[in-house]
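Listed below, chain by chain, are the residues.
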Amino acid sequence: MPKDSRHTRPSQTVAITVRLPGVLVDLFPGSTRSVTMPASTVDEMMDEFDRRWPGMRDRLCDSTPAIRKHINVFVDGERARLDTPLEPGAKVFVIIAISGG
Amino acid sequence: MAKNVLVLIGTRKGAFILESDSKRKSWGLKGPFCATWPMNHLVGNPTTGTIYGGGGNEWFGPAVWKSTDLGESWTHSSKGLAYERGAEPITAVWSVAPNNGILYAGVQPAGLFRSDDRGETWQHVEGLRKHPSRPQWSPGNAGLILHSMVLHPNDENQMWIGISAAGVFYTSDRGKTWEARNKGTRADFLPEGENYPEFGQCVHNFVMAAGKPDRLYQQNHCGMYRSDDGGKSWQSIEQGLPSSFGFPVAAHSSNPDTVFMIPLNGDTAGRYMPDAKAAVWRTRDAGKTWQDLREGLPQQNAYFGVLRQAMATDRLEPGGVYFGTSSGTVFASANEGDSFAPIAEHLPVITSVETMVVEG
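Quick note, the sequences are listed as chains A and B, same order. Residue numbers for the first sequence follow this note's numbering, beginning at 485 and rising by one. Residue numbers for the second sequence follow this note's numbering, beginning at -5 and rising by one.
Some hints could be false.
[What the hints assert, rightly or not] Quick list of in silico lysine-lysine cross-link-like pairs, DSS-like style, CA-CA up to 27 angstroms:
#1 Lys553(A) - Lys206(B)
#2 Lys17(B) - Lys(-3)(B)
#3 Lys206(B) - Lys(-3)(B)
#4 Lys73(B) - Lys553(A)
#5 Lys282(B) - Lys206(B)
#6 Lys73(B) - Lys7(B)
Since the hints were made in silico from the structure, they are not lab data.
Chain B with its partners taken away, still in its complex shape:
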């Protein structure tokens, strides 16, 4: 059966979908969807074909949008997506993660919700905000957001989440209890001698290696890291990269040693492409060495950034790599990053890029 690739794009002004056949040479753009709401994360469930979008609107608050017909029509719900009366209200959904029959949503201010009815209603996973570190969670530039959710592929009890700037947390009991898992990741913004706290790190994004649930790759505000023990400890893998600062990280769909990152020029230097020349950086040996991938990417005057959820891979062979820029361009590679081409331009600020492969 022929396969089509959907690239699901969240932007500051609505959601968009790019679609191509498996050759990935010609793309069609659909959108804007979701009433032009700011959409922080658009993700597909490949099992059901349902697309979910997490967002928040200045007027109307947070919601998770849903399409069961590949974007032709959409519904939205936030029923139950709220903290207790008197608590600071939720302003936006920042990330969405489907896993079998469960759907998770990470929100701002940071917290976790789950839905057992495909996004119609939501329940607060209260254990996370009961963690003793909760009073000391500090917001990053984007606010106090729960942005990364990594679900164990074979065990619904286990998951990891990332909060800026509280760090990585792990549960093995479906969210009842959590432990901080940040050992080895730096917090350069803390006073000298206090740079390796138990929690409080500014994690930007992290992903699981293909087929290796214990291996995680992390892009932090302060470095790039790999963990081989489910986040209990992290090792720096930033040597060979042009900076220690960036936002997204994307794992290869089948090779656990291959991962992609996009370092920027630094947190106080504009957060542009280093030297204004765009590159995706790839490792094929789990972070020991890195290769810059530039073919097809602008090599002058590239004053854009790439946000934390705005890079993804696909499940085809050879693997596709996609990223969206703060200036509204989506670049795609159909050869694991060896060369790129723009497949959409002039979109709003791109906040997320994900892929879903469907039967054509």
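If we strip away everything but chain A, and leave its shape as in the complex, we get:
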């Protein structure tokens, strides 16, 4: 019997690929720059990061809650927010902004 998608949590079915910045990966031993995970929104993606590598969400999101000001998340080439949906197979890039001195 085919699964009824209306009764299925999207995060259980949608696989996305994410590219993380090396300077972030360096903060979390065991993490990798290229990640495949289930998530149906950017917010869910952040939660999944945190489940895999505790504390990573805090590095990318503030308590507003929002993506940190100097962190950019691009979904299939478009800049995203926490509520941005993720389509199956979406390609996500987490990028650090140019800042510092």
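With chain A held as given, fit chain B onto it using these hints.
For chain B alone, coordinates are given in the frame of chain A:
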């Protein structure tokens, strides 16, 4: 047992550690640590040997870093280090203070957090931001920061904190309630006749005198002060100093009458060493008289400053004095300030200097 001295250094680009034996003549430098994050305050718990670092990164936000092996490896956490949803997010940790099993962190925008599990998780000490003066706290040049924490050595219920520019606050019930303790300290930046408010002073740094919990020494934006009643009232001790402006203050580890300050040339004059000649100023009589200590310090073209948490003493005899400059030099004295020598140069801007004495 031989003792080693660690000088813990926070900089705008990472943490560093200098180490020497108790003679304090030869120093080795380790670092940079903490992924080159801006580290506002690095402090050691001499009981456990654990080093904590408070910082904030433009990309990744605030965290407290921790090393249990004298800097060889580090972890970081900010779990619980956040205000409620919708509030202005925390950007950085500005100060860290260990006390027995409790660890405190002061943050920007100003607030206080505590950890009961050695920095793994944090709880907001909400009482401070519920103080009626909170809506009127104004940021200083570095932002609205909680930078000074003085913990009572014998009573975990009591502590004092300093916020720029809100002033000194005191609690006797572990942070549930607070009272402003700024009587006698000036706010020259307010209109004439309104220069002694209940709160709003720009406290730069304050410390407790050795063995005298009621005696505090304060470097303010507007003067140097001593209190002998736990901050209920403050008396100016700036007479004899070259200016009323500076950032750090460091207390001698055993003599409550001895304290060190580094006056700068003024808040609108560049904030350099006065006349571009470096000096640490020492009092041995609780601020009645001051002596300038210059031996070994540059006496020409010294256009650097010393930030609020960038001076410390150690617990050896004779006492050591250390300070780090905005141009990246650490100067050290192993004789209570009678003479200094540079023990590290060309570091990033130094934001904090603390010491920890460990078994060698």
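A quick look at each hint next to the structure:
Straight-line distance between C-alpha atoms of Lys553(A) and Lys206(B) comes to about 45 angstroms, which puts the hinted pair past the 27 angstroms bound. At roughly 9 angstroms between alpha-carbon atoms, Lys17(B) and Lys(-3)(B) fall within 27 angstroms of each other, so this suggested pair holds. A threshold of 27 angstroms between alpha carbons decides the hint, and for Lys206(B) with Lys(-3)(B) the separation of about 26 angstroms falls inside it, so the pair holds. Note on Lys73(B) and Lys553(A): the hinted pairing holds, with a Cα-Cα distance of about 19 angstroms set against a maximum of 27 angstroms.
The hinted pair formed by Lys282(B) and Lys206(B) meets the criterion: a straight-line CA distance of about 17 angstroms does not exceed 27 angstroms. Proposed proximity of Lys73(B) and Lys7(B) is supported: the alpha carbons are some 23 angstroms apart, at most 27 angstroms.
Hint 1 from the list above is the single one not met by this structure.
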